[in-house]
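J.: Build out the structure end to end from the sequences listed, making use of the hints.
If you read the sequence shown in the numbering used here, its first letter stands for residue 1, the second for the next number, and so on.
Hints were generated in silico from the structure; no laboratory data involved. Check before you lean on any hint, since a few could be wrong.
[To be verified] In the DSSO-like style, the derived pairs of lysine-lysine whose C-alpha atoms are separated by at most 30 Å in a straight line are:
#, residue 1, residue 2
1, Lys238, Lys249
2, Lys191, Lys172
3, Lys136, Lys191
4, Lys238, Lys172
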Amino acid sequence: MTMTMPMQQVPPTTNQLNLVQNQPSGCGNTSQECHSCDPRGGCLAEKMMEFQGHIDQLRQRNLTYKSNEHIFREGEDSTGLYVIKSGSVKLYLTTEDGEEQVLGFYMRGDVVGLDGQINVPRNSSAIALETTSICKLPLNHLSDRGRGRGYPKLIAELMTRDHNLVLMLARKDADGRLASFLCDLSRRFEKSGYSATAFNLSMSRQDIGSYLGLAIETVSRTLTRFQESGLLQASRRKLEILDFDWLKKVAGSQATP
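T.: In structure tokens, the structure reads:
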């Protein structure tokens, strides 16, 4: 999730929208810049790396994964970072009792595998939630000296997301957790140049519950209650926020990048 994307993107209609739009970019063409990862322009991989000479090599490392196909698995050696150009990815680990614990969801413009170290086994697994197009950045090209101006910002955004998760689990009830989750998704959609109020959820209710520390029944009941209260409309995985200001009040305090 290879055809060339236009330089300027127009936010899609509700019917065209998905959590990550399955439209591969022109990154594979070394004569063109890739703009699909960062709607503000430029190649996200280039921003992450200091040396322009590496970019042509990176543009030849475009990968496409089908739904439910693993990008990497827990225990495998770390070989790279993965910039999501389109699609969506779930990061998870398997607990000692064999249960799956969701660690996060990643969409267009996000980078998966930032905790990886060269030839050190992964402590989590990443799987595509739908057809997903990715640009792989080899870790051996990302030494401390070679990391570009975009790298610290990515780390900061990841830490902010982790802080919000801790805040949700420690201080918020089911309503607050789910509202916070939806507000975060909305912010990330808007950052990518798409609608902040109408989108599809590529993850399952069970995955959302695992991430938020809630039972799947609680997630379903809370969504139903939000809908009955006029906060949103939900049909299967399609969701539209009707009262964003009130949803933010339900979410309560959140860290922002």
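J.: Looking back at the hints listed earlier, which ones does the structure fail to meet?
T.: none
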